[in-house]
Structures are given as C-alpha cells and as structure tokens.
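Line by line, the protein sequences give chains A and B. Using the numbering used here, read the first sequence as starting at 1 and increasing by one per residue. Using the numbering used here, read the second sequence as starting at 251 and increasing by one per residue.
If you're looking for bench data, these hints aren't it; they were derived computationally from the structure. One should not assume that every hint holds.
Claimed, not checked - Derived coverage of chain A by chain B (criterion: at least 3 residues anywhere in the stretch with Cβ under 8 Å from a Cβ of chain B; other residues may be distant):
{"#": "1", "segment": "15-22"}
{"#": "2", "segment": "52-61"}
Claimed, not checked - List of simulated lysine to aspartate or glutamate pairs, DMTMM-like, C-alpha gap at most 25 Å:
{"#": "3", "chain 1": "B", "residue 1": "Lys395", "chain 2": "A", "residue 2": "Asp128"}
{"#": "4", "chain 1": "B", "residue 1": "Lys395", "chain 2": "A", "residue 2": "Asp236"}
{"#": "5", "chain 1": "B", "residue 1": "Lys395", "chain 2": "B", "residue 2": "Glu283"}
{"#": "6", "chain 1": "A", "residue 1": "Lys147", "chain 2": "A", "residue 2": "Glu117"}
{"#": "7", "chain 1": "A", "residue 1": "Lys147", "chain 2": "A", "residue 2": "Asp133"}
{"#": "8", "chain 1": "B", "residue 1": "Lys375", "chain 2": "A", "residue 2": "Asp245"}
{"#": "9", "chain 1": "B", "residue 1": "Lys375", "chain 2": "A", "residue 2": "Asp18"}
{"#": "10", "chain 1": "A", "residue 1": "Lys25", "chain 2": "A", "residue 2": "Glu201"}
{"#": "11", "chain 1": "B", "residue 1": "Lys375", "chain 2": "A", "residue 2": "Asp133"}
{"#": "12", "chain 1": "B", "residue 1": "Lys375", "chain 2": "A", "residue 2": "Asp41"}
{"#": "13", "chain 1": "A", "residue 1": "Lys147", "chain 2": "A", "residue 2": "Asp137"}
{"#": "14", "chain 1": "B", "residue 1": "Lys395", "chain 2": "A", "residue 2": "Glu70"}
{"#": "15", "chain 1": "B", "residue 1": "Lys375", "chain 2": "B", "residue 2": "Asp272"}
{"#": "16", "chain 1": "B", "residue 1": "Lys395", "chain 2": "A", "residue 2": "Asp245"}
{"#": "17", "chain 1": "B", "residue 1": "Lys375", "chain 2": "A", "residue 2": "Asp242"}
{"#": "18", "chain 1": "B", "residue 1": "Lys395", "chain 2": "A", "residue 2": "Asp238"}
{"#": "19", "chain 1": "A", "residue 1": "Lys172", "chain 2": "A", "residue 2": "Glu117"}
{"#": "20", "chain 1": "B", "residue 1": "Lys375", "chain 2": "A", "residue 2": "Glu51"}
{"#": "21", "chain 1": "A", "residue 1": "Lys172", "chain 2": "A", "residue 2": "Glu70"}
{"#": "22", "chain 1": "A", "residue 1": "Lys172", "chain 2": "B", "residue 2": "Glu291"}
{"#": "23", "chain 1": "B", "residue 1": "Lys395", "chain 2": "A", "residue 2": "Glu235"}
{"#": "24", "chain 1": "B", "residue 1": "Lys375", "chain 2": "B", "residue 2": "Glu283"}
{"#": "25", "chain 1": "A", "residue 1": "Lys172", "chain 2": "A", "residue 2": "Asp137"}
As the list claims (entries may be wrong) - Label pairs and their calculated CB-CB ranges:
{"#": "26", "chain 1": "B", "residue 1": "Glu284", "chain 2": "A", "residue 2": "Glu165", "range": "30 to 36 Å"}
{"#": "27", "chain 1": "B", "residue 1": "Gly261", "chain 2": "A", "residue 2": "Asp213", "range": "38 to 44 Å"}
{"#": "28", "chain 1": "A", "residue 1": "Ala92", "chain 2": "B", "residue 2": "Thr405", "range": "41 to 47 Å"}
Keep in mind that this is a model prediction, so the values were computed, not measured. We put the CB at the ideal spot given by N, CA and C, even for glycine.
Spelled out from the first residue to the last, the chains are:
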Amino acid sequence: MTRHFAISPDVNVRHVADWFIFNTKVQRMTGLGFHATAYSDFAELHEAYEEGRADLVFANAADTAMLVREHGYLPVAAAAGVSKEAMVVVAADGPFRGMADLPRQLTVASTSAPDVERIGRILLEPADLGPADLTLDVKPNPVLVAKAVMWHEAQAGFLPQDAYEALSAMVKAQLRVLVASRIYVVRNALLVSPALTDEVEAIWDGLASMNVDPDCAELLTGLGAPHGWERLTPEDADFMIDLMDALAQE
Amino acid sequence: MHDMCPEDVRGEGRAYEWTYFDGTSRRLLVTDEETRFPTGELIVSRTDVSGVITMCNDALVHLSGYSREELVGTSHAILRHPDMPRSVFADLWSTVGQGTRWTGYMKNLRRDGGYYWVYATVIPKVVDGVVVGHTSVRREPSRAKVEELSAVYATMRDEEGRG
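Next up, chain A with everything else stripped away, as it sits in the complex (with noise of 0.2 Å):
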C-alpha cells in the first residue's frame, strides 16, 4: 500500500528538497513508505485530500481545522514559537499611504492560501471593506503577488510575513506595508490521516529526537522550525478549528 506525503505550497519553495529529506527521516522512524509531492498550488493539494494522497502533511491553520474535523486527520505537532502572520501591502509609488486611502473597492492579489487570505481580509475590516467590497486576483505565488501589485494589476495584495521577508530588496523597496497582523495563534501543523493512527506516537518521537540532534538543526531551520518541533495536542487542533471559523468572514 502506497502512503502520501503531501508538501504544502505552504512551505517555503527554497526549501523543499528539505522536505524530501524530511520524507525520508519520517520513512525511519515509522518503518513505512512514503511517497512523496511538492503541490504548487492548493486546488491540487485539496484533490489530493479528497482522493486520500494525504496521509501526512504539514498543512495551514485553515486546512488543519478542515482536515481534523472534516476527514478525521490526528495532529502531530507543530514548529516550536513559530506562528502564521499576513500582510496587506500596496505599491510603493502609488497613491495608498494609509488604510484610510484605500477606495470603497478594492482589487486584491492574493495566493489560494486560504489562512493568509482570512487574515488579509481581516486585517481590511477596520478600513470598512468587507467581502463584497474585494476583488481577489489569485496568482499562482506570493512572487506574483508581489510583482501585481508593484506593476499597479492589483490595488493591494495579502502576502505571508515570511514570503514577504524572503523577496529581494528590490521588490520591497517597490512595495509599501498598510499593515501586519500580529496574531501569534494561527500556526502550521504536522498531520496524519486517520490510517496513520498507530504511528502517531512513532513519529512524534522521531521528531523529538530531530529536536536535539546538532546534525537536524540546518534541517529544522530549512523546514521552517528553527526551534524545533513541539506537540500538538488535540486541544490545540480544536482550538485552531474554532479560531478558523470565528476568522471565516460570512
């Protein structure tokens, strides 16, 4: 029986051969084979869902309380003091200052990544613009985002903090941050399908033996958990559910 190993379009791009070598660490410390693939976009990861290609994956705070309480998936855990933080920005050269410059409708670039796109638009409510107020211009990744809005395609763009701090110095200097959320709860998590319950416990200490061994520590940081891993707990994922759906705009 083949298992899936499921690399978000959540991870950092640079790094995904990381996640390979992660595969193949999680390959030892269950016994079992994976199969692993880098999604570029989340309408492929979401198929991937629904045909049961997912039986681990490290997957965002929106797609956490889906697959917890939709298809019954177990948390692992999650990187240790690392949390998920969006931002609303603007082209540098372009009218918006403030967020009391933005017009009554505004045309915003985003990724598919569903937990940015809630907190974007969150971030927007002060503003007064609610979701009919939006217009979402979904590119492929948060480089095109970037480059949609300094291009002056789209009036603002949603892009995750740390996206945001990997583009070139060029493109930030064309770019301007309205705002940054600073929410420090909505965070990535590391899950099994339900047919990986019994190895749960297998993994959980796979990956705390990654915590302190010096040789992982490159590893960790390319996996964006540069303190380590630290348990997720059932409690977390509920919470996160109800965090998820309280952010849900309707």
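Let chain A serve as the given structure and place chain B on it in line with the hints.
Same frame as chain A, now just chain B:
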C-alpha cells in the same frame, strides 16, 4: 467579581452599582479614557458554557489591563461596560445558545476604568448537540462603525431606561 478600586482607576471615575444577569452586583468606576485596539492584533479567549474565562491570549491581558490570573476563572462579564445595552448581550447569549455564531461591536471596560472597542465574533462549541463553551475572537473595529454604534447603543440604553 470584586468592586473596582479607585486606586486602580486612571483619573476621576464615575461610579455605577452594576447588577449582572445572575443577580450579583459590582461597583464600577468608569472614565472616558479610550485605549485603541492595537492594529493587526487579535484577542482570543475561550469560556465555559456559563461564560467563565478558561483561556485567553496576551492581547486580552494587555488591552483589558487585567492579569491572566485575574481573567482566567472569572466571568467574561468583568469586561462589560455599562454603556453597552443589556439587549446586545441578550442577543449574543440567545444566538450562541442556539449553536450559531454571533458577530457585533462591543465597548469593553478596562481594569483602569477606561474602555476599548472591539469587533467581536463568538462561536459556540457544540459537542453532541450541546453547547459546552464559547470561543471569542475580537479585532480592531472600523472607526465609522464605532461612531455609528455609539449612537445606536445610546438610544438602546434610553429604551432600557438607562439613559
């Protein structure tokens, strides 16, 4: 809940003897000092089914002025500002009691007698068809809505005989 102490209040506070839904009462000291919601942050808290806080994040600690120890184990009503119409809370509890999310604007009372406005969403936690608690997320409100709701709530208070 303890009475508010004059030494905790910044400036001259107006005193209210406030009676809560459960018949308990508390002396409130209220000032006109607003603390604006920090841009980009979220307040997150959870309560049990009776509204007692079981968990909160740092943002609530900072904005309310209470310590985490003072908040956890205390009724969420500790944050209730006397300018809020009682009917708003009646609507909130009725809505979440039916297992439905509630969203609205609230003026909350700080430990120092000041206030802060939030845009709040309250989600009921339903297990086997029974509401067992609530998760509340508060974020920065639009100032236009704050102005609008201040007037609306004043009218509602008048209608409640609390003008």
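For each hint, the structure was consulted:
1. Residues of the segment 15-22 of chain A lying with their CB closer than 8 Å to a CB of chain B number 0, which falls below the three-residue condition for coverage.
2. Given as covered by chain B, the segment 52-61 of chain A fails the check, having 0 residues with a CB less than 8 Å from a CB of that chain where 3 are the minimum.
3. For the proposed pair Lys395 of chain B and Asp128 of chain A, the alpha carbon gap of about 8 Å is at most 25 Å, so the pair holds.
4. With a C-alpha separation of about 33 Å, the suggested pairing of Lys395 of chain B with Asp236 of chain A is violated against the 25 Å cut-off.
5. Taking the CA atoms of Lys395 of chain B and Glu283 of chain B, the gap is about 19 Å. The hint holds against a cut of 25 Å.
6. As the CA atoms of Lys147 of chain A and Glu117 of chain A are separated by approximately 17 Å, the hinted pair is consistent with the 25 Å bound.
7. Taking the CA atoms of Lys147 of chain A and Asp133 of chain A, the gap is near 22 Å; set against the 25 Å cutoff, the hint holds.
8. Proposed proximity of Lys375 of chain B and Asp245 of chain A is supported: the alpha carbons are some 11 Å apart, at most 25 Å.
9. Under the criterion of a C-alpha separation no larger than 25 Å, the hint pairing Lys375 of chain B with Asp18 of chain A is inconsistent with the structure, at around 38 Å.
10. Note on Lys25 of chain A and Glu201 of chain A: the hinted pairing holds, with a Cα-Cα distance of about 15 Å set against a maximum of 25 Å.
11. Straight-line distance between C-alpha atoms of Lys375 of chain B and Asp133 of chain A comes to about 30 Å, which puts the hinted pair past the 25 Å bound.
12. The hinted pair formed by Lys375 of chain B and Asp41 of chain A fails the criterion: a straight-line CA distance of about 32 Å is larger than 25 Å.
13. Restraint check for Lys147 of chain A and Asp137 of chain A: satisfied, since their Cα atoms lie roughly 12 Å apart, inside the 25 Å limit.
14. Of the supplied pair hints, the one linking Lys395 of chain B and Glu70 of chain A is violated, its CA atoms being roughly 36 Å apart against a limit of 25 Å.
15. Note on Lys375 of chain B and Asp272 of chain B: the hinted pairing holds, with a Cα-Cα distance of about 22 Å set against a maximum of 25 Å.
16. The suggested pairing of Lys395 of chain B with Asp245 of chain A holds, with an alpha-carbon distance near 23 Å, which does not exceed 25 Å.
17. For the hint linking Lys375 of chain B to Asp242 of chain A, the alpha-carbon distance of about 8 Å falls within 25 Å, and the restraint holds.
18. Restraint check for Lys395 of chain B and Asp238 of chain A: the C-alpha separation of about 31 Å exceeds 25 Å, so the hint is violated.
19. Using a Cα cut-off of 25 Å, the hinted pair Lys172 of chain A and Glu117 of chain A holds, with the two alpha carbons roughly 20 Å apart.
20. Taken as a hint, the Lys375 of chain B and Glu51 of chain A pair is broken in the structure, with Cα atoms around 29 Å apart against an allowance of 25 Å.
21. Annotation: proposed proximity of Lys172 of chain A to Glu70 of chain A is violated, straight-line Cα distance about 39 Å (limit 25 Å).
22. The suggested pairing of Lys172 of chain A with Glu291 of chain B holds, with an alpha-carbon distance near 23 Å, which does not exceed 25 Å.
23. The straight-line distance between the Cα atoms of Lys395 of chain B and Glu235 of chain A is roughly 35 Å, outside the 25 Å bound, and the hint therefore fails.
24. A distance of roughly 34 Å separates the Cα atoms of Lys375 of chain B and Glu283 of chain B; the hinted pair therefore is violated under the 25 Å criterion.
25. Distance restraint check for Lys172 of chain A and Asp137 of chain A: the Cα-Cα separation of roughly 20 Å lies within the 25 Å cut-off, and the hinted pair is therefore satisfied.
26. Between Glu284 of chain B and Glu165 of chain A, the C-beta spacing of about 34 Å keeps the proposed range 30 to 36 Å intact.
27. Our hint of 38 to 44 Å for Gly261 of chain B and Asp213 of chain A is violated, since their Cβ atoms are close to 57 Å apart.
28. About 44 Å separates the C-beta atoms of Ala92 of chain A and Thr405 of chain B, a value consistent with the hinted range of 41 to 47 Å.
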